[in-house]
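Under the working numbering, the first residue of the sequence shown carries the number 2, and numbering increases by one thereafter.
The hints are simulated quantities; they were obtained by calculation from the structure and are not laboratory data.
Values in this document were obtained by computation on a predicted structure and should not be read as measured data.
Hints may contain errors.
Stated by the list, open to error - Capping the alpha-carbon separation at 27 angstroms, the derived lysine-lysine pairs in DSS-like fashion look like this:
| id | residue 1 | residue 2 |
| --- | --- | --- |
| 1 | Lys337 | Lys379 |
| 2 | Lys207 | Lys105 |
| 3 | Lys259 | Lys206 |
As the list claims (entries may be wrong) - For each label pair, taking beta carbons as the anchor points, the in silico distance ranges come out as:
| id | residue 1 | residue 2 | range |
| --- | --- | --- | --- |
| 4 | Lys293 | Asn52 | 39 to 49 angstroms |
| 5 | Glu147 | Ile14 | 49 to 59 angstroms |
| 6 | Lys118 | Asn7 | 37 to 47 angstroms |
| 7 | Asn319 | Ser59 | 47 to 57 angstroms |
| 8 | Tyr150 | Lys259 | 32 to 42 angstroms |
| 9 | Lys259 | Gly162 | 22 to 32 angstroms |
For glycine and all other residues, C-beta sits at the position ideal for the given N, C-alpha and C.
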Amino acid sequence: MSAILNTYNRKKISFKRGKGSFLYASNGKKYLDFVQGIAVNCLGHSNNYLNRAIQKQSKKLWHVSNAFVIPEQEKLAKRLKQKTFADYISFQNSGAEATEASIKFARRYFYSKGKKKKNRILCINNSFHGRTLATIFASNSKKMTEGFYPKVDGFDHFNFGDHKGLERSINSRTAAIMVETILGEGGIKVIPEFCLKELRKLCNKKKILLILDEVQCGVGRSGKFLAFEHAKIKPDIVPIAKGIGGGFPVGAVLVNKKVATGMKPGTHGSTFGGNPLAMSAGNAVMDVMFKKGFLNNVKNNGRYFIRELNKIKDRYPNIIKEVRGKGLLIGLCLKKDQTNFINKLSDNSLLTIRGSENVVRLLPPLNVTKKEINLALKILNKVCDNYK
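Between the sequences and the hints, there should be enough to build the whole structure, so can you do that?
Encoded structure:
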């Protein structure tokens, strides 16, 4: 009997090694991995460049406190500032911590301006912002909040796509609107570019902050470094994680100069966030991601994959309801519960993962090849052809 706390319905598969887009199980079976740690391994498994960077740093220095200057952290922060809207970066360990910190920063900004009651965050119902007590109530998903009351207050909600409901929900206590640019766990639902532009205008009009959660959809996954860049807008706060470490735990909050004015020494901290080993991973990921043509290749491969998936949908309309996504953040919305379909894919050596609304998430590494995409398409066709 396992000594691991039973909080996951784990598949009875374990892996001994991985390389690129593939995982090799303990029983010797080879799988095409389109989970990649849930959009984490942006450069695939055991990437040589990432391995060398971490190994090199591990021989020098793993960890020091944020009570001291960390040059590797300064380097990554400067690069993120140069490549994004941000003026300042705060490093964390994970996506949940980055999102939680984003909530703190928004509240603290208005507190520092003397508006102590302007502290509520407006979010989408059944979204996903992490697993801490605050973030599960920000997400407002019954399956995540059940059994964890009393409710963490400070969050209001509207339904995805309900623009009138959104505006009605803003009041004098609203500090920020926080949404995922592309909802991941919520079913790979893309917020259209015109909606993101209107969100920015609305926040300007109401003098509140815009937080765009890019923990899953950011760091190149959409074909842009950050997914909101497609809409050509600038948010105030953006939490990122997952892909920025390429598999090593790294999180960060990107903020503009305005928000940064509310944060002073002692208002936030992290023991492990931004340590030298984590920063070596982040800098290596940035080296690869900003090589000429890398992000454009993600965009092109994503378009190809989605186009071919739509052809499968058209052949099997009784199975696939809709193809969703952008770049290499893709979801197949099925007509029925996705559990059996995911199991059939796994039986045929393709690993995928569920999302809400009967969605099967397809999350290959960002350096996936067209040959590997075609292999996934072949398996999907086969499963659909034999599916009952």
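To see whether the hints hold, each was checked on the structure:
1. Under the criterion of a C-alpha separation no larger than 27 angstroms, the hint pairing lysine 337 with lysine 379 is consistent with the structure, at around 21 angstroms.
2. A threshold of 27 angstroms between alpha carbons decides the hint, and for lysine 207 with lysine 105 the separation of about 20 angstroms falls inside it, so the pair holds.
3. Taking the CA atoms of lysine 259 and lysine 206, the gap is about 16 angstroms. The hint holds against a cut of 27 angstroms.
4. At about 23 angstroms, the beta-carbon gap between lysine 293 and asparagine 52 misses the expected band of 39 to 49 angstroms.
5. The supplied range of 49 to 59 angstroms is broken by glutamate 147 and isoleucine 14, whose beta-carbon atoms lie about 28 angstroms from each other.
6. In this structure the hint that lysine 118 and asparagine 7 lie 37 to 47 angstroms apart at CB holds, the actual value being about 42 angstroms.
7. Taking 47 to 57 angstroms as the suggested C-beta distance range, the pair asparagine 319 and serine 59 conforms, at roughly 52 angstroms.
8. Tyrosine 150 and lysine 259 have their C-beta atoms about 35 angstroms apart, which keeps the hinted 32 to 42 angstroms range intact.
9. For lysine 259 and glycine 162, the Cβ-Cβ distance of about 29 angstroms falls inside the hinted range of 22 to 32 angstroms, so the restraint holds.
Of the numbered hints stated above, those contradicted by the structure are hints 4 and 5, listed in ascending order.
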